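Below are the chains, spelled out letter by letter.
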Amino acid sequence: MENLDLNVVISGEAGQGLVTLSQILTKTLVRAGYYIVVTQSYQSRIRGGHNSYALRISHREVVAPTEALDLLVALDQNSINLYLPELSDHGFILVDEKVSSTVHSQVIRTPLADLADDKFSNSTALGMVASLLGLHKDSVTRTLREFFDKHAPGTSDHNAESLAAGYDWILNYPVKFPKLHPSTLPEGRLTLNGNEAIALGSIAAGMKFFAFYPMTPATSIATTLAGHAAQMEFVIEQAEDEISAVNMAVGASFAGAPAMVATSGGGFALMTETVSLAGMTETPVVIVVAQRPGPSTGLPTRTEQSDLEFVLHSGHGEFPRAIFTPGDVEQCFHLTIKAFQVAQKYNTPVFVLTDQFLADSYRSVGPFDLGQLSPLNPCLDSCVSANPHLTYLLTESGISPRIFPGMTSQCVRASSSSELVIADSDEHTQDGHLTEDLSVRISMVEKRLRKIDGLKSEVVGPEFIGAAAPETLFVSWGSSRGSVIEAADILSGRGWSVATLNFLQVWPLIPENFVSILEAAKYVVAVEGNATGQFARLIRRETGFHIKKVIHRFDGLPITPKYILDRI
Amino acid sequence: MVNIAEYGDYETAWCPGCGNHSILSALKNALVATGLEPYNVLFISGIGQAAKAPHYLNSNLFNGLHGRSLPVATGAKLSNTELTVIVESGDGCNYGEGGNHFLAAIRRNLNVTLIVHDNQVYGLTKGQASPTSEQGFVTKNQPEGVFSQPFNPVEIAVAMNASFVARGFSGKADHLSTLIQSAIRHRGFSLVDVLQPCVSFNKVNTFGWYNQRCYIIEEDYDSTNRDMALRKASEWGDRIPLGIIYQNRRSVFEDRFPFLSNGPLARSPVQVDRVSQLFDCYR
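Heads up: the protein sequence lines correspond to chains F and A, in order. The first sequence begins at 1 in this note's numbering and counts up one residue at a time. The second sequence begins at 1 in this note's numbering and counts up one residue at a time.
So here's chain F without its partners, still in its complex pose (with noise of 0.2 Å):
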């Protein structure tokens, strides 16, 4: 018996350990060549509350998390309670004899805590899951020493021996379970999530300096950072506060460092401010957004995509930005790399707009063609001869050639006063002091307004999935893209005629893009994670096409196929 699709769940209070189960699970899947959705979903405390790891897993390639459960494994009572209920036909339940009383057809009661040392037991734990996905206890192994040779040394044979248990446990109890079909990938792909993949991704853009605040979810990409910082010679702090990580970004960038901050809403509205004054002085800084449900504190540890407009709008006065909303973990990866190409050569803030769901979901990716990298140099991109030095410099693209202070046009150290950089908050001249000559304020808005035709010139138009000329079509940003290209996939087998548009790029928009797409639909179904539609009326409010269908959620879950196919 083989399945196409399982969808493995664990789940228990935090702080039972459940994600390094998970995790040594996931990559060994991901070294086994299959793809996987991770959904983490977990309650704002370190210990207690209740936590889910979902892992759906396939030899074919799956795009979106899903609600169906195949296998769960209970590290409480608590949740058997929640997920019993959704239990699939084949599906079983393994736990550990001692924590729950419950008897089902579908409970597997383990001996877990007397099979090897009571410590031990979540990789007794892991042994029964591979050992019932078929997997090879030596591949699970290895990837269990890794972890736990780096983690926690001395350590690993203990959880290899208990590992060893639990899959040999199962292998002598009368159960059948699917197995998963032989996996046909190629080795050497990456085991990622989304904010690994922006971490990743801005390192290999050439960021030079990285400064956050923590907030949940956007947190594991300073974590992320922090473990490569020393090695690939950049520059991270920890600041006081999100208005400084900004404005130490801001800093950084304008003496020639190439620079990020990485945030959720909450601490983004403290960094408004200063995306403003990027905008003013025209330096460029990457800013991640990873969207949490708002308003104000909301649901800090779930997902939402209702930070489109905030950030579309953020910051006091008009100047040009761009906004990429990643619909995968290589997507972040990519977009991410893309994001600081355009603030670098546009001079302006420019945005990374993710959710918890992506940030947290773990994928089988690339391996990435870094042939084709070339990261920045800030040297070569920014300096060109100019003397006096004009930071403002009146130009037809608006773009001002840039250099640094204390650096001469050459990147060299100055040994002369003729290139002093001069930047100012305040409406400037072209060499950067404050004035209130009227005629200068014009023609300041008006450079620094005409670099949106250079970043329309770049946009990543959006994707579109499907038969031409569809009857229904869905829209979608950022991380919905998957389960609406899911959802397509599904309704397409039912004989629907159907496509998917997804947006990658949200801001600025370029109607003749995409506007045909939408009026050739008969339908046209917008797939949003927020409870007003802010894409659709973007959409509206650019083109002025009206998308009169939108599929929304805000519960704080991610959007999945089966919630799009319930509301067609």
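These are calculated hints, taken from the structure and not from any lab test. Relax, there's no trap hidden among the hints.
To spell it out: a stretch of chain A is covered by chain F in this simulated footprint if at least three of its residues, at any positions, have a beta carbon under 8 Å from a beta carbon of chain F; those stretches are:
no.	region
1	31 to 40
2	51 to 61
3	79 to 91
Label-pair distances were calculated between CB atoms; the ranges are:
no.	chain 1	residue 1	chain 2	residue 2	range
4	A	P143	F	E446	41 to 49 Å
5	F	L434	A	W209	26 to 34 Å
6	A	A13	F	V412	29 to 37 Å
7	F	G227	A	Y221	44 to 52 Å
Far from chain A by the CB rule (all over 10 Å, computed), these chain F residues:
no.	residue
8	V19
9	N172
10	H181
11	P300
12	L394
13	L565
Fair warning: this is a prediction, and the values are worked out from it, not measured in the lab. Cβ coordinates follow ideal geometry from the N, Cα and C atoms, glycine included.
Start from chain F and add chain A according to the hints.
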């Protein structure tokens, strides 16, 4: 050799008699005395009458937001440690809007100099109380007088073990200039709080008021003795001490990034082969 003319001579927007004029002049003299060329100095300022000062200097400048000059300075200095970074702004900017950054900058001990024009009042917005205004200080916006206790930046800085803490007075410009020189030469975060009259909006703490109270600390004062410094820093009222109140040799923040000594980050682009090594961690 740098000469003072290289720092330029500009018409200012300040009132005649404003303390800013002599602070600017003391600063220029200090820059020349330390041999700093304008192109090796980066001024960072916020918003306020004091924050305009670097516009009247021929040097590199980032004039940012109210209260946020220290974070900008932190990023800029870490980006290029060859620059001498000087932050110049007022008491409202640094002790009010930017108070958290002031505390963090002391803790971080980055090698930058902070010069605070401290006139105990808001000038740019026309006469509201500042964090250093005395209790009972009456303004149009505080008609009943200020209730809150004033912030004593020098005392706070010493209490936090700041690595260089000095107080000057715009009325003693030569002395102030030597303080600024010492602050610039000091390796670590250096604070120079500069008392100055505001002729338009502070009719209490006038030139005469400061002049009567300010005294230059005795020559045998040991500025490395923290206990003595705490006592000296708490002196305020009839007698106000001027000079280097406290200094130490705490480790400096940028030293924790050894690669910064290779030169500006702009000149150290990422190596692609190192990026591919990084990816191996995720296989």
